[in-house]
Amino acid sequence: MADLLSMIRVASATLMMVLILNLSILNFNSVAAQELQQAEDRGLELALKAKNKSRGWVDMQVQMTMLLRDAMGRETTRELRVTSKETVDDGDKNLYVFESPGDIRGSAFLSYSHIAKDDEQWLYLPALKRVKRIASASRAGAFMGSEFAYEDLSSFEVEKYRHRYLGDESCQGGGRVCHIVEQIPVDHNSGYARRQVWQDQEHSRIWKIDYYDQKGQLLKTLVSSDFSLYLGKYWRPKNVAMQNHQTGKSTSLVYHSYRFNIGIMDRDFHKSALKRAY
Amino acid sequence: MLIVSQAAIANAYSRHNGELRAQLHLYNQQGLYPEQDYTSNQSFTFQSSSLWQSTQGRDRLSFVPYLSIDQYDHSRTYADIRELIWTRTSDHWEISAGIGRIFWGVTEFNHLVDIVNQTDLVADIDGEAKLGQPMINLSLFRPWGNMDLLLLPGFRQRTFPSVEGRLRTPVPVDTKKVQYQSGQGYRHTDFALRWSHVLGSADLGIYLFQGTSRDPILLMSSANLTQGQNLRASPYYPQITQIGLDTQFTRGNWLYKWEARWRRNRRDQDFAAQLGVEYAAYNLHKGGDLAIFFEYGWDEQKEHAFSGIQDDLFLGARWLFNNTQSGELIAAINYDLDYKTRGAVFEFSQRAFKGSKFSLQARVFNTDDPRDVLQGLTADDHIKMTLTLFF
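The listed protein sequences correspond, in order, to chains A and B.
First residue of the first sequence: 101, per the working numbering; consecutive thereafter.
First residue of the second sequence: 666, per the working numbering; consecutive thereafter.
Treat the hints loosely; a few may be bogus.
The calculated lysine-lysine pairs, modelled on DSS-like cross-linking and capped at a C-alpha distance of 27 Å, are [to be verified]:
| no. | chain 1 | residue 1 | chain 2 | residue 2 |
| --- | --- | --- | --- | --- |
| 1 | A | K153 | A | K333 |
| 2 | A | K217 | A | K153 |
| 3 | A | K229 | B | K1049 |
| 4 | B | K951 | A | K315 |
| 5 | B | K1019 | A | K229 |
It is worth saying that the hints were derived from the structure and are not from the lab.
Please construct the entire structure, taking both the sequences and the accompanying hints into account.
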């Protein structure tokens, strides 16, 4: 009888322990799930903050100097004029016109960025005066041989990623605090498994992005610097550098002569306008 | 740093640049015809481009003169105005007047519907160089597409190599013996109306052309037949009505292209088409881009088709190195299913030094059937080296 009682006692104690353990695992899982949800919410919140802070500029034009450097240190410089127009509820329209070097001057590249579908892209070849629509699955492809992929240059759209807040870190010295957000592209054609964004607390400016390839290895790092404020509202960097850790190649972009709200029409972003873009 | 944006739109500006090209053709043997008794040929071309643009960019004036000098072929020593054209752009329309260049088409190996400008055949045998064309062009922009109305006052003859030139037809063409169906000759005013639109993944265009055909019919001049040695062909340009269509569907990495031409002259009518597929892959080995092209060309005219493309297959590939020297590699082969003519082209180009571009191109022609209009090229396999200086 005493054995039975002690057996029952041991069994119920074990059962209690198992129950408590299960409950705490469940609890732990739900806590983890909750934490994950919070991280995703916070990540989305930060992404929206960054997007909203950079919205409303209507149209923009800027001169860009693109310096390409290969692993051996050889360099080549390109000059472009970039014109952009905001689109409500969709990606922006971008027009890149090449001014130098001589063998590509007059070439133009037009891109309609879309959230839910493939981008639409056209290339203008000045020697033939030919406008050619090109394959839109080129998001992962290198823009004009640089370390910037087309998807790196197209406008940041919150819906293109799943977001997760990872924590804070001091960045760029000067006591600045950056939020680190992980972004996983929704599009399967993206060249990245994920990217990690350093966004400052004060103005939601993006100072650094780490890009991870489809194997999960660190592929490239983007660093922006020398921000200036335009129209009292928009922060834009003067320098953006992209370093490819796997190939040793890098590209730096230097922006100058930013102009906003200059009244560019939709028609100037049509393929028929490419022949007069340069 | 606070920067105030400028509310003003683009200021008036102008730009001037140009390119100087030195070319060397090296043939692997002397030509089929006695006057082609050389195996190397030097040539130079110069082209400048000047643009004046008004404030807000609404008015533009473009001037592009061209000059070519050839060592042996006097038909390749000439000057042309590629462009001298004023354009005014407004919200819903645009008008241009002057000498201009307009390209229509989507395929790579044959530009069937590119009718506006005459082909400058002596500049490049691939037929992609064009002469300037006088035009008045009104473009209308609507939600349902763009309409282009063209008035083309004045006609340009196709350029042909002279008797001592290489890469020519078996019977040299004498452009001084040109004949026109129209009594107005080269002063005839031609007309074109084109609708173009982008609908999702489709780029569409269709036009109606009425006027002087850009493709000549080469007639053996009866006056010369009695002279024997000085046999020459004279180009005859009929009046035609032509409908041209170009369509491209773009989906993912694939491009599907179609060009079709329905043409009618006083005597009869003919149909020709070019179908193409392109596959584009990006960021491959060492960041390079690859494009593969496959096309088929068909012409109802068969052996009378000027270009010799009547039942032909084309396969090509282009590799962009995406390196600091902007290296590019192109290889293409063509095969005539009727006459078994084969051809191949191979080209490599890159920047040589700052402000330049160097290219090396090799072309091989293989014609066995004398009915093929391209049989005059069979001994003209060559390597072409080009150095271009940009300033």
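Cross-check of the supplied hints:
1. A:K153 with A:K333: Given pair K153 of chain A, K333 of chain A holds - Cα atoms ~8 Å apart, limit 27 Å.
2. A:K217 with A:K153: 25 Å, holds
3. A:K229 with B:K1049: Holds, because 23 Å separates the two Cα atoms, which is no more than 27 Å.
4. B:K951 with A:K315: 17 Å, holds
5. B:K1019 with A:K229: The given pair, whose Cα atoms are some 25 Å apart, holds under the 27 Å limit.
The structure agrees with every numbered hint stated previously.
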